[in-house]
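Trainee: For reference, the chains in residue letters:
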Amino acid sequence: DGGITQSPKYLFRKEGQNVTLSCEQNLNHDAMYWYRQDPGQGLRLIYYSQIVNDFQKGDIAEGYSVSREKKESFPLTVTSAQKNPTAFYLCASSIGGSLEGANVLTFGAGSRLTVL
Amino acid sequence: ILNVEQSPQSLHVQEGDSTNFTCSFPSSNFYALHWYRWETAKSPEALFVMTLNGDEKKKGRISATLNTKEGYSYLYIKGSQPEDSATYLCAFQRYQKVTFGIGTKLQVIP
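Chains as they are written, first to last, in my numbering: chain S, 1 to 116; chain C, 1001 to 1110.
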């Protein structure tokens, strides 16, 4: 079945450590996204990528980094520079482009990061 | 940061009642407006993506309208059922950037 796989589901990290969250899709989608959710807040955009080897900062990119070396993969690194990394992280993808329906987002199950 | 506002933030309705939520967004450089339903312990699921001013979409008891000139969209649920309980998210798309509102949390009381 096609879909988005995020791993790990739960992750604990000590302060000062970098951690990488994995996002893999087998939907042949061009566009991929990373969002963060905090209690009482909506989904906030961290980074997005329209195509391989290209990505743009979202609204809260500070302290995060991404890469898009393959179409199916869009890993997110939470660096030690991120001041409040404890959150729920969601990855999403879409076909991309201008046709109606091409921009529907498909979401992964999410990764919950806790900094101890 | 694009300002996408949703109201109300939470809502309790009795089973069988009809209800509606509002999403307001910037009216400039509009590309698409999305609605998603997010149930507890699940991933958000798409309801509608609308691109044209005046668009109306319907899926079962749920429908949505779009006004891009004034920057708002309404989501309607007719005859609410307990299984409609979820958070409803709207998202504004400008080019490939998709920005979400905070959501409306709906609780349908049996």
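By construction, these hints were calculated from the structure, which means they are not laboratory data. Among the clues, some could well be false.
[Stated by the list, open to error] Taking CB as the label site, the calculated pair distances span:
id, chain 1, residue 1, chain 2, residue 2, range
1, C, Gln-1014, S, Ser-67, 25 to 31 Å
2, S, Thr-86, C, Leu-1052, 39 to 45 Å
3, C, Ala-1041, S, Leu-116, 19 to 25 Å
All values derive from a computational prediction rather than experimental measurement. Glycine residues also receive a C-beta, built at the ideal position from the N, C-alpha and C atoms.
Trainee: Can you give the numbers of the hints that this structure goes against, from lowest to highest?
Mentor: The structure breaks only hint 1.
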